[in-house]
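Start from chain A and add chains B and C according to the hints.
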Amino acid sequence: MASQVVNLRVNERSREFLAAPGTSLLSSLRDTLGLTAAKRGCAQGGCGTCTVLLDGRAVMSCLVAVQTVDGASVRTLEGVARDGALDEVQSAFLEGFATQCGFCTPGMIMAAEALLDRNPDPTRDEVVEAISGNVCRCTGYGPIVDAILDAAARRAKA
Amino acid sequence: MAKLRGRGYASVNYPTGMNLGGDPSQALIHATTTGTFVVSLSSVDLGQGLKTVVAQCAAETLGLPVENILVDTADTDTGPHCMGTFASRGTHRVGNAVIMAAAEAREVMLAVAAEELEVDAGDLETDGTGFVQVTGAREKRIHITDLALAAHFTHGRTISGRGIFLKEKNDPVPETGEMDPDSCQAHACTVAVVEVDDETGVVEVLRMHNAYEIGRALNPAMVAQQVEGGAWMGMSHALFEATEPYYPARDHGPTDFNEYLMPGAADIPEYHNAILERPAGNGPFGAKGIGEMTANAPIPAIANAIFDACGVRLDTMPFTPERVLRGLDELRADRSPTKE
Amino acid sequence: MSYKTNPIDRTYFPDEPAQDFTVIGSVVRRSDALGHVTGRTAFFEDISPPDLLHLKTHRSARHHARILDVDLTAALAVPGVVRVLTHADIPNNVFTPLKLIGVEPDDEPVLAEGKVRYLGEPICAVVAETEAAAREAAARVRVEYEDLPAVFDVEEALAEGAPIVNEYHGNNYFTYEGHHCRRIRFGDVEAAFAAADHVFQWRYQSAPIEHAPTETTGCIVVPQPDGRLRIHSDTQACFFTLDNTALILGTPFNKLRIVGGTVGGGFGGKVDIAVEPVACVAATLTGQPVKYVYSRYEEMQVSSPRAAERIYIKDAVMADGRVTGRRVTLYVDAGAYSRHSPYGTTKAAAHLPGPYSIPNVWADCHCVFTNRTPSSAMRGFGVTIADFALESQMDRIARALGMDPLRLRLLNAYRDGDLKAHRKVAEGTALVEVIQKAARMVGHELPEEYLRMSSMDRRER
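Residue numbers (full-length UniProt numbering), protein chains in the order written: chain A, 1 to 158; chain B, 1 to 340; chain C, 1 to 461.
By construction, these hints were calculated from the structure, which means they are not laboratory data.
Some clues are possibly wrong.
Unchecked claim - Straight-line alpha carbon distances no greater than 27 Å define the calculated DSS-like cross-link-like pairs of lysine-lysine that follow: (1) C:99 with B:169; (2) C:314 with C:424; (3) C:424 with B:169; (4) C:99 with C:255; (5) C:99 with C:115; (6) A:157 with C:99.
What the hints assert, rightly or not - Some but not every residue of chain C turned toward chain B, in silico, with C-beta under 10 Å: (7) 129; (8) 308; (9) 406; (10) 414.
On a predicted model such as this, the values are computed, not experimentally measured, just so you know.
Backbone N, C-alpha and C fix where the C-beta goes; we use that ideal spot for every residue, glycine too.
Bound-form chain A, shown alone (with noise of 0.2 Å):
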């Protein structure tokens, strides 16, 4: 099998590049497009390190074949930050100190996008499943579901 022209909207931007057969959407977005928010956790979709939102949804990039998903929009966390200044998840998160080792944080972070924008008012239980892909090793939890949760308030009263 050849390689193929995979044609992509990145954080609203086009992109176009080569794909072998069988590259994941997260090796082309780190390795190619040098886009490295998302992360290699376990390349196997056990630990939502490398999440980002396709056509809207939330997936693990790792399991998708990128050459499957030609002509798709993708957003990543480097997208998610409107000129120049954080969105309320990312502000959360910060303030919120949400973060340690932050190696979770983008997959954690983009999760959330994916839940408020489809439900800009959720319940503690729908955060909480909302991230149940996601692995964190340092928090326990706690203070990235009040992130998610104070994110929700924060875009409400915007």
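Coordinates of chains B and C only, in the frame set by chain A:
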């Protein structure tokens, strides 16, 4: 079939530092001409917040805002030696080294300020916002940026400092175990409240109350991060984790996050935490290292709570539903609920 | 947004001098958090140097076996494979990380030489142009084994006639200055048992536990214009890794440079010298940058876990609850190699008998070799599992005596001026106070005399 509730206690101490081979860390600090101080280290931040806490130590010592501090770590070409981040030594060793370096730099800073302001260095103080001033006389002052420029271009001085903390090598006496491995001890008492489902064997931790004595809380929010994150890890160790679930058999080892079980966001208990401060004489501003110990007391507290709930004494970790159910079966077999 | 802080209760140590800090004791925002929430924090794997090669390891499929033959033919035939490294390519193949502080002997090969001692032990390293090629070629290495008897249980390993796990030690235990274990001898524990109203003995056991950091262990080694190697690593200890790597490479220390300091979770799992030496050899031999990162499987099953421990505690207890003697036999399952376990076992010994003043203490702490993944440091090294055993023991004693478990602890709590079993005089103690505080937090009532106790007030025992 019922859900049985129980409460368990555990109290522990934990050493800061573990030296058997000589345990030093160094720090260098210098002011650039912008009035920013660069702290050069080779120390590693694992996420516990070392970069932040050493910046606080430098800022406090220099009498400057924390925004004036940059921490440059960890490049072995540019950072002086550090043993590494382990044994709860980072805050203690590196914090002390940074304080020593910053104190030396502060002395030069005040000496240059004394010349600029034409006063005695002993009459100067820092105001914490970036100025050096004559004690009690706000009108006679100079900003750190002007000071740093003057030091470089007028006085030919480097505002810099060197710091090291060394806990000397200590070898245990083989016959008795006499040794001096650590620098200080932190303390904790955890009370866990659990519910045991006597049909499924599942243990749910409802609440954890944690009282810690940590010397000095250098950054209370980061202390809270350690206490809560550690309590979660302790609960996880207690109830779920094993790379060899049927140890010493090597079989059934989990290979990924789908098989290696840990509690998720849905499983976290209510936490009630409190901090006591008894500053350690040898700690940076009295601080002891607490990042490691926070997973320790929860494990026996949960074991003891399970016994309190259902009479099953689990002496083997982790406390899986299988072990709880086997324990309950044994109890039912001999009908002696407080058997020890 | 309200960040969490825990209430600081200043009623317990009121005499500590109040200090007027401006930055210390304040909630200062984490200096790394902005990078974390924007995805700009640079972890070691976030660089992609041009011409990067990938390294993957072929690992032992046996617990304990002689290696009769290693056939690389199929591996070398995989398109994209640049070379395959074996032990013969590693200048000083046998090492032990704590040699830097004088621990002997060297007991672990970087790549297996003649035999394997645990399932997953690295045998050879494939270097290839793509990760996929490296992985495929590593899977195609063929190793012919002759199985040897393996031992997995710490007490079986110490029994006579057990198969020897690690010939560099000659015994299945680490030798501490001529002794088969790290010992604590304080007072006369046998006399305490003879005089005790009760003697209690129980056994505790844990299983190996994985650090499970979200970022796996790894490094990227980049050859520099001046001939040096720049190592981007998630090590927890930069100079420790540099020094050990230089010793293994047989190269001057200043030929290496480690760049790190930002780690996606460590918990003690990233102080082994796991990936840097072989990646440096590969980069030297190929003249190209080399990346060696553990897969999640490797992190889970091959990287050092927290050691499994087996602990027997025998206590002499008086009817009033005083623990007058404690005898501890501890077995730390080091797996096949020392790594940091000799040190962790000593740390465990220093921790005994827990935060209590017990006048007679005897401990034998064994660092035992078995045919499993070598264990090493983890958060609470040497102490976490001991605390599980010690505090379960205290609970069981309290129940056996029909005593309040907190009063039992307060009665025995160590205080300033007490001599600990390792002959260190206690200072800055606060066990009494954290127990009193916890009791208050949950409404556990204590009699007045227990509330009046103080760590600063050392009564006669």
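Would you list, in rising numerical order, the hints stated earlier that this structure does not obey?
Of the numbered hints given earlier, those the structure breaks are 6 and 7, listed in rising order.
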